[in-house]
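*Asks:* Each chain is listed here by its residues.
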Amino acid sequence: MKKFAYFPGCSLEKMASSYHKSALETTKVFDIELQELDDWNCCGATTYFHVDQLLAYTLVARNLALAEKEGLNLVAPCSACYKNAYFTNAYVKEDPDLAEHINFALEEDDLQFSGSIEVHHLMDVFVNEVGFSAITEQVKNPLSGLRIAPYYGCQIVRPRKNGEDVENPQYFEDLISAMGAEPTNFPERLRCCGGSLIMTSRVAALDMVRVLLQNAENNGAHVIATACPLCQVNLECYQATVNEEFGTDFNMPILYFTQLLGLALGISPKNLGIGIELVSATPVFSKLLPKEVN
Amino acid sequence: MASKPSFSTEISNLLYAAHGNPINSCIQCGTCSGTCPVANYMDQSPRRLIGMINADLKDAVIDCNTYWFCASCYHCTVRCPADIDIAGVMYAVKRYSIWHKTYSEDLVGPQFSAAFVKMIVRSGRSYEPLLAPSYMTHFGPKEFFQEVVTASKMMLKGRIPVLPPRIKRLENFKNMIRKIIPLGESS
Numbered sequence: 008m009k010k011f012a013y014f015p016g017c018s019l020e021k022m023a024s025s026y027h028k029s030a031l032e033t034t035k036v037f038d039i040e041l042q043e044l045d046d047w048n049c050c051g052a053t054t055y056f057h058v059d060q061l062l063a064y065t066l067v068a069r070n071l072a073l074a075e076k077e078g079l080n081l082v083a084p085c086s087a088c089y090k091n092a093y094f095t096n097a098y099v100k101e102d103p104d105l106a107e108h109i110n111f112a113l114e115e116d117d118l119q120f121s122g123s124i125e126v127h128h129l130m131d132v133f134v135n136e137v138g139f140s141a142i143t144e145q146v147k148n149p150l151s152g153l154r155i156a157p158y159y160g161c162q163i164v165r166p167r168k169n170g171e172d173v174e175n176p177q178y179f180e181d182l183i184s185a186m187g188a189e190p191t192n193f194p195e196r197l198r199c200c201g202g203s204l205i206m207t208s209r210v211a212a213l214d215m216v217r218v219l220l221q222n223a224e225n226n227g228a229h230v231i232a233t234a235c236p237l238c239q240v241n242l243e244c245y246q247a248t249v250n251e252e253f254g255t256d257f258n259m260p261i262l263y264f265t266q267l268l269g270l271a272l273g274i275s276p277k278n279l280g281i282g283i284e285l286v287s288a289t290p291v292f293s294k295l296l297p298k299e300v301n
Numbered sequence: 020m021a022s023k024p025s026f027s028t029e030i031s032n033l034l035y036a037a038h039g040n041p042i043n044s045c046i047q048c049g050t051c052s053g054t055c056p057v058a059n060y061m062d063q064s065p066r067r068l069i070g071m072i073n074a075d076l077k078d079a080v081i082d083c084n085t086y087w088f089c090a091s092c093y094h095c096t097v098r099c100p101a102d103i104d105i106a107g108v109m110y111a112v113k114r115y116s117i118w119h120k121t122y123s124e125d126l127v128g129p130q131f132s133a134a135f136v137k138m139i140v141r142s143g144r145s146y147e148p149l150l151a152p153s154y155m156t157h158f159g160p161k162e163f164f165q166e167v168v169t170a171s172k173m174m175l176k177g178r179i180p181v182l183p184p185r186i187k188r189l190e191n192f193k194n195m196i197r198k199i200i201p202l203g204e205s206s
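Taken in sequence, the protein lines are chains A and B.
Residue numbering for the first sequence follows my numbering, starting at 8 and increasing by one per position.
Residue numbering for the second sequence follows my numbering, starting at 20 and increasing by one per position.
It is worth saying that the hints were derived from the structure and are not from the lab.
Hints are supplied without guarantee of correctness; some may be wrong.
Straight-line C-alpha distance at most 16 Å; calculated EDC-like pairs for lysine to aspartate or glutamate [stated by the list, open to error]:
no., chain 1, residue 1, chain 2, residue 2
1, B, Lys187, A, Glu115
2, A, Lys76, A, Glu20
3, B, Lys187, A, Asp116
4, B, Lys187, A, Glu284
5, B, Lys193, A, Glu144
6, A, Lys21, B, Glu147
7, B, Lys172, A, Glu125
8, B, Lys187, A, Asp45
Predicted model only: the values in this text are computed from it and were never measured.
Work the whole structure out from these sequences, hints included.
*Replies:* Right, dumping it as C-alpha cells:
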C-alpha cells in the first residue's frame, strides 16, 4: 500500500466530480491510497498571480505544509493545481528568503513548510509509480478499436520541470496503449484550451476550443482524453456554443484519462462518474466496446 | 541622484528573479508570437509587447489587451531562445495594471481576477456562481443566453455546487493573508 496526500482542488468537488471518483477507483486497483488533505484551500489557479505573487505562493504553500505535516508526498489531479504546487515547492526549496516570508504568514495557521515533500500530477503516479507493464497486467477489458486523442494541454508539461520533454512527450500515448486503445496522432495535443479565457476573452477561447476539436476529429479520434478539469469543461461544455458560433457539427466526447483507464480495468461506468457528460460517450462505447464495459 | 525608474525597469522588478533572463535580452525573433494560440486576438503580438516594454512605451503597453488575453500556457516561455519567461512578463504587466488601476475598462480579465481573489480571501475556496457577475455583465444578450444554457445543462447533471464551500480554519486563513497584504477593515 502506497499512500499520498491528495489535493482534489475546487473543480473536483462538483464540476469534475467524475474525475474525483475515477481517480479514487483507479488508484485503488494498484493499492494506492489517496488521502484527502484536511481543510485544504484553493490553489489560486492563475488569478492570485495576477494580483500578488507572494500571496499566491503563500496560499499554495499552506496546502504543501498540510501534506508535509502528514509526512506524505502530494498528488494533484488538476494540471493547474499541480503546476502551482510543483513550482511553489521548488521555489521554497531554492529561495530561503521566499521561504521565510511564507513561513512568517503560515504561523497564523500553526503551520510551517520546509520543502521536504515531492509534488506529483495524478498521471505521473500512473506513469512512474505504477508503470505501464503493471497497468497492462490489470487490464480486464482492453479498449480495442477505440481511438483516443491524448490531450496533454499546457500546465502538465509547462513550464519545463527537470529534464522534461516539453515538445514531444509520449507518456499519455503510452498510457492509452496500455489500456488496449489506440492513441491517435494529435498535432495540437500541447496547445492550450484557453483556460479561464472562456470567461474573460470569450471569442478567443471558443476559437481555441474549435481548433482542438477540429484537430482531433481530423485525426479520426472517437474521444479526447484529458488530465485537467478546465480542459474538460472547455472542450465539452462549450462544444455546443462552438458549434453555434462557427457552424461546426462537433459531437466529441471528452473524458478524463482515469475514466477510460477505469473502463479498461473493469470498473463499472457508474463508479467512474460516467453519465454526467454533456456530450455522451455512450454511442461510441456501445458501438466499439464489448457489452461488459458499458 | 536617484531618479524615477523607467517603465521597463518597473516591469523587470515585478518579475521573480529566479525565472529566466532579463526582458532586455529579447532578440525580437517572434518565436513567442508564432507559438501563442491567442496572438490573433491580441492588439499587439507578444514580440511587439516586449519590444514596447523595452522602449518604455508605457501608455501603449498598458492600453492594449495583449497581457490580459494571455492564458498563461507557457508555450512561449519554453520556446524562447533568449530564455525569457514571457508568460511571467505577462503576469507582471497584469499586476502592474491592477495595482495602478490603469487597465482598459472594456477588459473582463482584471475584474474577474479581482472578484476571484476577493472570493478566496473570504472563504478559502472557489465557487463558480459567485464569479459569474464579474464576466456576464460584459456579455451581449446572445452570449448571456448561451452562458445560461450551458450553466443550466451543467446544473441538471449536478455539476454546479448549490452552496458555497468554505474552509474550516477560516479565521487563521484570513490572518495569514493579512500578514502578506493588509486588508481594508471594510472587507
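*Asks:* If a hint holds in the structure, say so; if it does not, say that too.
*Replies:* The hints, checked one at a time:
For the proposed pair Lys187(B) and Glu115(A), the alpha carbon gap of about 14 Å is at most 16 Å, so the pair holds. Distance restraint check for Lys76(A) and Glu20(A): the Cα-Cα separation of roughly 23 Å exceeds the 16 Å cut-off, and the hinted pair is therefore not satisfied. A C-alpha spacing of about 11 Å is found between Lys187(B) and Asp116(A), which places the hinted pair at or below 16 Å, so the restraint holds. For a cut-off of 16 Å, the pair hint linking Lys187(B) to Glu284(A) is broken: about 31 Å separates their Cα positions.
Distance restraint check for Lys193(B) and Glu144(A): the Cα-Cα separation of roughly 48 Å exceeds the 16 Å cut-off, and the hinted pair is therefore not satisfied. Distance hint between Lys21(A) and Glu147(B) is fulfilled; the C-alpha atoms sit about 10 Å from each other, no more than 16 Å. A hinted pair counts as satisfied when its Cα atoms are at most 16 Å apart, and Lys172(B) with Glu125(A) does not qualify at roughly 38 Å. Proximity of Lys187(B) to Asp45(A) is assessed by CA-CA distance (about 9 Å); at most 16 Å being required, the pair is judged to hold.
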